[in-house]
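Visitor: With chain A held as given, fit chain B onto it using these hints.
Protein chains: 2
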Amino acid sequence: MAEDFMPIDRRTLFARIGKLAGAAVMYEAMASLAHAAESTFTGPIGLTGAPKGASVLVLGSGLAGMVAAYELRKAGYKVQILEYQNRSGGRNWSLYGGDTYTELGGFTQHVGFDKGLYLNPGPWRIPHHHKGLLHYCRMLGVKLEPFIQINYNAYVHSTQAFGGRPRRYREIESDFDGHVAELLAKSTQQGKLDQPVTKEDQEILLQALRNWGALDKNYTYAKSLEASDHRGFDHPPGGGLDAMPTPSDPIGLSDLLRSGLWRAIGQAHAFDVQQSMFQPIGGMGMIGQAFGRELKDVTRYNAKVTAIHQDDSGVTATFVDTVAGGAPQTAHADWCVCTIPASILSQIPMNVGKPMQNAIYALPYGASAKVGLQMKRRFWEEDDGIYGGITYTDQPSALIGYPSTDFFKTGKGVLLGAYTFGSGAVDFTAMSPEQRIAKAVEYGANIHPQYRKEFETGATVAWHRVPWTLGCFGQWSEEMRAAHYNDICQIDGRIVLAGEHVSMIPAWQEGAVLSSLDAIGRLHKRIVQG
Amino acid sequence: MAEDFMPIDRRTLFARIGKLAGAAVMYEAMASLAHAAESTFTGPIGLTGAPKGASVLVLGSGLAGMVAAYELRKAGYKVQILEYQNRSGGRNWSLYGGDTYTELGGFTQHVGFDKGLYLNPGPWRIPHHHKGLLHYCRMLGVKLEPFIQINYNAYVHSTQAFGGRPRRYREIESDFDGHVAELLAKSTQQGKLDQPVTKEDQEILLQALRNWGALDKNYTYAKSLEASDHRGFDHPPGGGLDAMPTPSDPIGLSDLLRSGLWRAIGQAHAFDVQQSMFQPIGGMGMIGQAFGRELKDVTRYNAKVTAIHQDDSGVTATFVDTVAGGAPQTAHADWCVCTIPASILSQIPMNVGKPMQNAIYALPYGASAKVGLQMKRRFWEEDDGIYGGITYTDQPSALIGYPSTDFFKTGKGVLLGAYTFGSGAVDFTAMSPEQRIAKAVEYGANIHPQYRKEFETGATVAWHRVPWTLGCFGQWSEEMRAAHYNDICQIDGRIVLAGEHVSMIPAWQEGAVLSSLDAIGRLHKRIVQG
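Sequence lines, in order, name chains A and B. Under the numbering used here, read the first sequence as residues 551 to 1080, first letter to last. Under the numbering used here, read the second sequence as residues 551 to 1080, first letter to last.
Check before you lean on any hint, since a few could be wrong.
Since the list gives no way to pick out one identical chain from another, each pair is judged satisfied if it fits inside one copy or across any two copies.
[As the list claims (entries may be wrong)] For lysine-lysine, the following PhoX-like pairs were computed, each having C-alpha atoms within a straight-line distance of at most 25 Å:
no. : residue 1 : residue 2
1   : K926      : K1075
2   : K693      : K665
3   : K962      : K681
4   : K767      : K854
5   : K926      : K693
6   : K628      : K959
7   : K962      : K602
8   : K681      : K926
9   : K736      : K959
Read the hints as simulated data drawn from the structure, not as lab findings.
Next up, chain A with everything else stripped away, as it sits in the complex (with noise of 0.2 Å):
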């Protein structure tokens, strides 16, 4: 929800770091970023009836535009879209190897990677419920795989805690089930619960707890077969002789709490990030690229907007050509889906009224920053058992996002080797690519001591400097949504606002297409009903 991406300063942030001896505080920002979230999606829009002529002119082609675009001239509009850049899709993107990309401060980095091998800067993963960029997936063709969230083979790492050595992310989920578990089974069983609970349902509390938490005949979280069921043996069971398994030592309850690797494990539960979810085949860009194909000729591309107008005859946007160069051009329609992020917006004069204006100035964008890193070989599958999946650790660069394809595959492959928020980010995006890369590297090399052998090219995007967005998305605070949500929603004149800012699902590409449609839908009536 909204409060969560309220800034915290650095010196809570510190000191929470204190407090909790070394808790990697950066699961709680993915945490946040995780949570929130259905679709409000029922069905394609269908939109139709468009007065004939009626023109509406598109500001951006990312998702919120094109489908606006799409769902616009499909009711019969006359429609044009304004992209700054000279391809379609915005935060909807994939870096393959041969692009270039230059950032703000004047970075110019030339992807290295192997062909097939991709960094999606930005979006990475499809729940499950967002049915309204599925149904344009599905609509264009885009094919989908699996995304792996949670694996249990993965790591979570702390330097604070167990001498700076990652543990499998089964062991904290089965320790802190199995401690939970237990301390509630006692409870339970000394008639110590607090509420009124039932001697019958006591029976039914004692046998969930005993089966969910692998304790033992006594209710207990101990060595035993059971609790290694679920959080890995020290000899596994086997085939033949020398087949019968060992148990494992659990972690003990104060050392599991004081670790802080507890954080890393609500995640799963986290509505956004439930199994299952998907990624497009090739890279998150696959769907900018379908999208911006389809959309190919009602596109003009490398137009940088510099200002906006409405009167009584309609919208005119004035555009600078960013390659062919030469005097401003203007384009315009009798109606305008604005989808220009805020952070951009706020620096073009556009006449809209106050509401509007104050909501656009007020709203600041989240930092984050990426780096994906090209391996010479997949050692993460091949070495510790981990295929797909995510490793969380309290180090700056947050997370290990490993690839949810090309399993089982020699060779080489693309690891996100950060994926950064709040602080961590504002550090990452301090530093030039090749700092960030080798931060990345140094980072993850304290989980996987291959990374130094098998680190080959880097790739990098910190989204505040990124000159087309200048920040990740809309960061609203709860304060900040009583106050604007409502004015940056409205229809202005002629001129409506949409993208991942304008709805309650920030930084996710649902937002963007449920806020487009919710626009258009306005938009629409508006136009029909006069």
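Guide: Relative to chain A, chain B alone:
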């Protein structure tokens, strides 16, 4: 573990069902089968230096037999496989359209699935830690794709709870966690913890419980946006106006406990089904097929072994060609790896010592049945938003498995409409294939009413009616393990047994692989060292 597989007599079973007011006892059987097992596989076996001219006869071309034949041939042995069926793979098997299968009792099924659709009658998923099996998949070039085990959007269903309406997995999981977290948080706050937990640890515990259980600021699991962020919203967050989410109502603790549905969620924790998991693209049978091609030159199909005799000169198997007919023939080698299931082997004369013979006689085989149902369209995805994963039910069909392939594809699909163990499997086995299919449709329609309109054709395998296994897997009890397991593993003269029944990972392919590697490792050592 082994003790989980102990057969439950019907009276006990029904008594337990009664006691739990409709608790889904089937979940227990499923959870039990899901227990046990990591792999002890540490790398290719790499046997070398077979004595010149030494030969090994392998009986059965399931995974255990083919691993043995492949590795022994590589080590320099002269190898021959006798196989009862006209194909390799054994229980590694997929049924495709056009296949014909005749079970004991004489029922013949002509499988009517469309091209590309299949049922895996036996194994259907590969845990990421089944390293032995994964090694052979890699070696054979069998391509794997993710198998979705846990799907928060799938259902849990009890005919005795919530008026027979299925609930989403996410609701049960979130509500169980939430209530457990609240109960323990309250006990903690009121100083009622049984164990000595320091004040500092208690503070961390409260923080962890709140995060993990989605408790509100009063440590209550209530109708709230926090809880809905786990269990789902009444009105989910959306885009633009009307985007504000509204929370959903958690199920009360008593209703939840009495529903028995909590039994389903413990399963996600079991080692053998922890993400990530895999399946061969195109059906589990791809492994057996690929292995069979590799060993084609040394495999004799349609060879029904009727006697096994060893003496100082070697081992002789007498067999009948079930297609060509004619007089019994013999195959002879210096040594023998016998992978024929104990259920069949107990009926074949074989001169081994009492200990091995007793073990073979003693081991019963577990019951299981599966039903595959072809549907005209993938309504579980299109209507219910369920992409892969499993719905659990307390009906005799036990579960519905949704295909982990062809996601988002239009057109037909094959559901696993029933996967039963224990008494449910005995009931299913007693039916004709047509009846089994009809029952699976009937049970499934209580969860997905679309079954009635969309069902097209089915296929089913009840393992006690499979002529070449007479059961699903070696069902060891703890007592039987103690009495016989060591004996069944020993090399008896020139004969060694292998298969899942000679492992501590019953019913899993990894058990067969590891058992075979253990057997041939010891056999080779015996041969070389004399």
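Visitor: For each hint, tell me whether it holds in the structure or not.
Guide: A quick look at each hint next to the structure:
1. K926 with K1075: neither (55 Å within a copy, 38 Å between copies)
2. K693 with K665: both (19 Å within a copy, 20 Å between copies)
3. K962 with K681: The answer is between: 21 Å across copies meets 25 Å, while 33 Å in one copy does not.
4. K767 with K854: neither (69 Å within a copy, 47 Å between copies)
5. K926 with K693: between (27 Å within a copy, 21 Å between copies)
6. K628 with K959: neither (48 Å within a copy, 32 Å between copies)
7. K962 with K602: Intra 55 Å, inter 41 Å, cutoff 25 Å: neither.
8. K681 with K926: between (37 Å within a copy, 22 Å between copies)
9. K736 with K959: For K736 and K959, the Cα distance exceeds 25 Å both inside one copy (48 Å) and across copies (50 Å).
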